[in-house]
Each structure stands twice: as structure tokens, then as C-alpha cells.
Amino acid sequence: MSGKVSRQILLYGVVCLAILIVPVLVDDAFLLNKYARYLIFGMLAIALSLSWGYAGILNLGQATTFGLGSYCMAMFLKLKTVPIHTGSDGLPDFMVWNNVTELPWIWVPFHSMPVALLAGILVPALFAALLGWFMFGGRIAGVYAAIITLAAMVVVNLIIIDQQSYTGGFNGITDLARFEIFGLTFDAYSASTYYLVAICLTVTLFLALAVSRSKTGLILQAVRDQEERVRFFGYDVALYKTFVFALSAAIAGLAGMLYTIIMEFASPTFLGVPLSLSIVIWVAVGGRQSLLGAMLGAVLVTGVQGALSETEAFLETWTLVMGGLFVLIVLFMPKGLAGAFEALVRRFPKAAREGGARHAAEQSPKSQPHLGGAL
Amino acid sequence: MTAAREQLLALKQVTVAFSGFIAVDRLDFEVASGELRCLIGPNGAGKSTTLDLICGKSRITAGEIAFRGAPIHAFREFRIARTGIGRKFQVPSVFRELTVRENLEIGCSRDPGVWRNLFRFTGGVDTERLERLAVLVGLEDHLETQAAQLSHGQTQWLEIALILAQDPALILMDEPTAGMTAHETNMTAELFNRLRGKHTLIVVEHDMGFVRDIAETISVMHQGKLLAQGTADEVSQDAKVREAYLGSGGIGHA
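In order, the protein sequence lines correspond to chains A and B.
For the first sequence, the positions run 1 to 375 when the working numbering is used.
For the second sequence, the positions run 1 to 254 when the working numbering is used.
Hints should not be assumed to be uniformly reliable.
[Claimed, not checked] Counterexamples of contact, computed for chain A against chain B with all Cβ distances above 10 Å:
{"no.": "1", "residue": "ILE9"}
{"no.": "2", "residue": "PRO114"}
{"no.": "3", "residue": "ILE148"}
{"no.": "4", "residue": "TYR195"}
{"no.": "5", "residue": "VAL280"}
{"no.": "6", "residue": "LEU315"}
{"no.": "7", "residue": "ILE329"}
{"no.": "8", "residue": "GLU342"}
[To be verified] Quick list of in silico lysine to aspartate or glutamate cross-link-like pairs, DMTMM-like style, CA-CA up to 25 Å:
{"no.": "9", "chain 1": "A", "residue 1": "LYS4", "chain 2": "B", "residue 2": "GLU131"}
{"no.": "10", "chain 1": "B", "residue 1": "LYS198", "chain 2": "B", "residue 2": "GLU243"}
{"no.": "11", "chain 1": "A", "residue 1": "LYS4", "chain 2": "B", "residue 2": "GLU184"}
Derived from the structure by calculation, the hints contain no laboratory data.
Computed from a predicted structure; not experimentally measured.
Positions of the beta carbon are idealized from the N, C-alpha and C atoms, including for glycine.
Isolated chain B (complex conformation):
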């Protein structure tokens, strides 16, 4: 199925070293358009670092990252974002001093220029889309609430809504369900299943139940390398994967 789709993102022999420590080691990693890919692995495997490399937060030491066939690893962060890559960070990083509505307005970043935005005021073209997004994540009654006042779960939802407002082709999610209740995790899984197809997602996640709910293909990383790739069942039966997780209580408890 994957082969039939157009390739969206390709990491070729990507290596990154932080003062001698090799965090990602000659990684080859491809994602097709419309795919929902889960990236798992023990702590320190290089999952978050891989996301950092894709969105430009960290710079690769060697190799190439291509998006829609063109290399992007030399671009500055905002240029990478403008090609259509969005990132949700592990630690919620909403704009705490601004209201939910204002947060979402920042998220609508299709027109990122200083000059254009100087002549745009609240209540512009994005209003309807904004309110629809707020309904989608259950924040419609909190549009005028300061983001600092939201609960942890609500903050996570706002963070997800920000990414949806940005509407990038490729969404990078770092532990989207961290700190969520079981109910909220189910809602997130439902949301992700709706997103696939229209968006391409790469999700780094520790919650294996959640991963089983959403993933078609799982990539397992270990010590900066791709260890295995396949369906949830294939991966959990893989001998190398079992070995890598040995001592951390098996894949289910990672």
C-alpha cells in the first residue's frame, strides 16, 4: 500500500553528532504522502532528535533530508515550516499570555509576512475556521480564556489545534498524549484516524495501546538507527526489537 503512494519525506544516511555523541546514525527513513507513521523506541533512541532534524531545530552532520523530492536540511526553521512541515513539541508550548483565540490566530500562518499582517485585524477571514477548530478540540467556550488558565489536558488540545490551524502537509507529533486521561487519549486516537489521508503524520509515542490504535506502520529506532519496521504485530515479534527493549520491561511498557 505504501509503495503505491507518492513519497513525501525521505531521510538518506542522516547522521547527527552532539560533541562526539552520535544521536542519529546513518538513518534511512521514508514516509509516503498520507501515511500515519509511528516512531517508537527505548529512551535515547533518537526519536525526538529525528523530529528535530526534520523541522530544523537541530542540524544534520551528514546525509540529506528531502521533502517532496527537494532537500530542506539547509533551510532555516521558518522556511522549512513554510514548505509545509508542522511540529508539536513534547512540552506544551502554547502562548500562555494570549487567549485561546489569539493562539489559534497565530496558528493560521498561511500569510507569514510582516507587512501583510500589519493590515490584518482580529475578526478577519480566519474567524470561522478558528471557531470550527475550537469546537473540534472542545475549547469553544474558552476562546477568550487566557491560555495560562487552561488545564494540562486542554493545553495539549490547544497545542493540537494550533497545528491544525497551521494545516501543514506533514505533521510531526512528539508524545501527543502525554498527560492526557484515558478518555482524552481515545479522543486523540480518533482525531488522528480522521487526519490520516489528508495529512501525513509522524508520531513519536510511548503509549503502545495508543500506537496500536492508530498506526499502520511502526518504525522502531534504537541507538540512532532504524531497527525494524512493519505492523504492530510484526514489530512486537521481531527478535531484535525484543532484545533492544530487554531490561525496560518489554515493548508494551516502554
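Chain A with its partners taken away, still in its complex shape:
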């Protein structure tokens, strides 16, 4: 058992190390920016794997919390933009175009970096906690919960587009300052920004692993299996589901903040249906019950997507190719690539011997129940 856990930690560590040494091998700022984007999608996949793979909550609006995090970072960086790009009296340019004369109260706290960074994580988490509390407290589950997450995303998206004078509307928030912390400047096209993303990903991955390995993680899996039964053991199922939903949102919020740094803008398209559904596809391909699988699924799918869409032969047909691959994987690998990989590992001779030994133990005559020992 503990051997299995340490093997898992080792595997996760090796993958993270491989991700961290990429800038040593790749000396192309444009490529690093692209890879960092894939890693951010990997964080989103980890977030969905926690809620969908572990707790059975299919979130079709994961991009909502991603977008909220992204806007928090964009608001902070917009206020740091050098005055020449900004309107009179230090107002963001789009506010001046919308005849706003005073910085709206909601923007004021974003002058402070600690507040902005905290908001990027806590605003999505609180949003999800509130939504989760309503849904799970009201025993809404399965496909109905999925529809609510989707509807909530459309609402938030519309509000952001509608409130143009506060959010930049359709255009989003553009023309941002570079992110600076501890004297380091993070240029979107640089190895340092890649490292920032890779380290955040590593921390997120191991944090999620710890949660999934804890008793809380176990209880969440039990909720996925038999929600009703868990309740009668005295666990507050709604609270557990709300917790994992909010945790998932916090991770998505962090990913959104990083995305703003990488893309150098925030846009309502970040909270879109296409991105949300893409996350579901990445996680399904990678294997929703494996955090690492889901993460690699995102990197792989977006990577192949990028490569295909830039290849001349597939210029017109790459969406078709991706769709076909997705259908095949869902049909033939219900547990995704991670599940297929595990099945493959089990066929290795060493693993087979261990499995054989266990099988022999199962055949032992002790399989009859007996009431030895004190209660």
C-alpha cells in the first residue's frame, strides 16, 4: 500500500521535473509561451479531475472560475500600466471611453498586489462555494448540476459583456503591465514566466494529490459511488461536495491569473462554453480518475490541436480529426489514457507475479467468515 503511494509520488515527481527542465532544452520564447499555455490548461484539467473524477460533479462551467481569476489579475495589471497608456486621472483607458469619471469601488482594492492575488483565488472559490451550497444543499446532482454550472457561466459571461464601463465588455481588459514580484519581472515570452507556471502547476498537482489521498478524498470517492449511503454514516455530503467544488474553483482561478500573464489580456471568451467543454474533453481523454492523467490529457490534446492546426495538410480538417480521436478514446478507453496505461502496467511480468500471489491468497481456505477475536 505505502509502496504504491511512494511509486505514485515518484511518478508525479518525475513528470514535474521533466516539465521544469523544458526551458533548458528549448530556447525559443515563443514556444515556451505556447508550452506554458498548455500547462495552464493542465491545471484546469486537474481542477476538473478533482470535482468530476473524484466527487462525480460534472462541471460544465469550469471556465467561469478560470475567467474570474483571469479578470482579477487583469484588473491588477491594468492599474499598474504606465500612465501614458491610461486615461486621465489614472483611470483605465476603456473607462475614459465609457465616460467613467471615478475609479469604481470594485476596482479600488486591486491597487494592492496581495489583495489582487488573494482575490484571484478567493473570488472564484467563494463563487463556487455559494453555487455549490445552493446546488448540493438542495440535493441537485448529476446532469441537473451540470446544467446549472453551464447556465451560471453564461450569466457571468453576459454580466461581464454587459458591464462594459467596469469590465471592458467584449474587448476585455487589454494593454496590461507586466507582472512583477520580489523584483522579478515576468515577460509573457520568457523562461521565467514558464518557470512560474510550471512551479504553480507542480504545487497544484501535489496539493491535489494530497487531497485525493486524504480521508476527505476517500469520502468524496464514496460520494461519487453511493451518495445516499455516505450520508447515513454521519458525513455532511453537501459540505464535502461544496468543499471540493470550491477547491477546484480556486485552482481554476490560479490558472486564470497565470493565463492573463501569459496572454497579456483578459477576455469574456475565457469564460466561454467552448473552453469549458474542451476541459471536459481533455479530462476524459487523459482519464478523469487520475490527476496526472487528466493533466497530461490537457497538455497532449492542446498540443496535438496546436500542431494539427498549424500543419498545412490538416488546416481545414483538424477539428474533425480531434473529434474523431475523442470519440475513439471515449468508446474504447472509458478510463482514458491513464486507465489504459494502468492496464498495460499490470501486464508487466513483475506486476503479474505480485498479482498471482494475491490471487493465491484469495484461494486459501480461510475465505469463510469466522468470528474469532473480540469485537
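Mind docking chain B on chain A? Use the hints.
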């Protein structure tokens, strides 16, 4: 004997109606601490519904359910469970995708908080107790087996072990021997006889042989009401009980 013990559970004039159909009708039902009570009756008598009402799965329409003297019928399910009431369902509902060990860990629910459990990992304080439970129900060689791989009888035993892991003061058992072999049924009877005293049990059962083996007091329900109560012999000789079972082949074949 019952009178000398402290009263643990009391249902007072409990009524439940499902869109007009009265499943339980002004039921008065009391169980003393440490008692092993069997609840029998023809199909549709309201036995399972009564268990549902006690554990909060269904809500009463009128009346009161008191546990240790305090009303609990307004509590949500997990709160009722935390007061010390455990339930074994008729259809085995173990966590099929988890291993036997993981199932039992879920069962150890003394600390049900999200935050506390976030910092608990496998191999914690419960390990020894867990393994003792697995031995008790004969699953010690299957601790790392996925519950979905267990046989039907083993699943029933796991279900019982889950309840024991939870260690509630009052255990509600709905047909614990369903699908068990004669040998396994005997083992279950033995287990129940060990449990009485430490735990209070209410067992809904159809197998009269099993009921005779374990029960001191039997309550017979019919059409949502308590029809008779007493020892196995008293109950089977009761004229009203015989009448209620008429047509279903007598009490022995219920």
C-alpha cells in the same frame, strides 16, 4: 426485563402518508437500550418505512421520534447518524469502486468533518480496529480487493462490518440475511447475539428461523400499525397475527 432498562428510542403516534397512502399509522413503538428487537410483518406492513423514518430517509407526517429522550425527526440524515444511529440497507450499498479497506475507513466516521479528514491519510489510528473488523467478518484476505469483486455473501458481510466500524448505539438492520447461505445466516445470528447489550438493534427480517434464534422481543406490524408484541411463542399464537398472515401461508413462511 425491558422495563428495567433505560429507554433509547421512542416513536409516539408516528404517521407517514405518501400522497394519500398511509404507510405508517399512529405507530407507538419503544426500544430499550441494549435490546435486540425484531420487527416482522407481511409485505407492505411498513417495517422498512419505519426504519426509514428513524434514520431520516423519509420524513414523518405527524407524531414524534425521540432518541435518548430528545426529538430527532427534524434533523437532517447526517445529524441523525451523528447522534448514534446506523442503518444497514436491504440492498447492499457498499462502495463498489473502493477496496474493502477503504470501505471500512469510510465506515469509521467518528470524525465526520471535512477539515479534520483532509489531514488524515491511510494507515492512521483506525488501522488496527479496521483489520480486527475484517477478521471478524472473514474479509481479512480481501482488504485490498475492490468491493465490486466480492461475492454476494461477502458483500453482505462487508455491509455489516461497515455498520460495526461506524459503531452506532442503535443499529437498524433491514433483512441482514437476505441472500446468505444457511451457514452464513447462522454466523450472522451468532454475531447479533454478541452485539446485543453493547448495541441496541432493530432487525427487520423475514426468515422466522433466524428471528427465533436472535429475538427476545418481536414486534409485529400490519398495515402501518403495531399488531402484537412479545416473545416468539406469544406472537405466533396471537389470533390477530395469525389473521394478518392468513393467505400468505402463516408466520413461518412470511
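Hint by hint, here is what the structure shows:
1. ILE9: About 12 Å separates A/ILE9 from the closest Cβ of chain B, which puts it past 10 Å; holds.
2. PRO114: holds, 24 Å
3. ILE148: Since the minimum Cβ distance to chain B is about 21 Å, A/ILE148 lies beyond 10 Å and the statement holds.
4. TYR195: Fine: 29 Å to the nearest Cβ keeps A/TYR195 off the interface.
5. VAL280: holds, 20 Å
6. LEU315: holds, 43 Å
7. ILE329: holds, 21 Å
8. GLU342: holds, 13 Å
9. A/LYS4 with B/GLU131: Within the cut-off at roughly 19 Å; holds.
10. B/LYS198 with B/GLU243: violated, 36 Å
11. A/LYS4 with B/GLU184: violated, 34 Å
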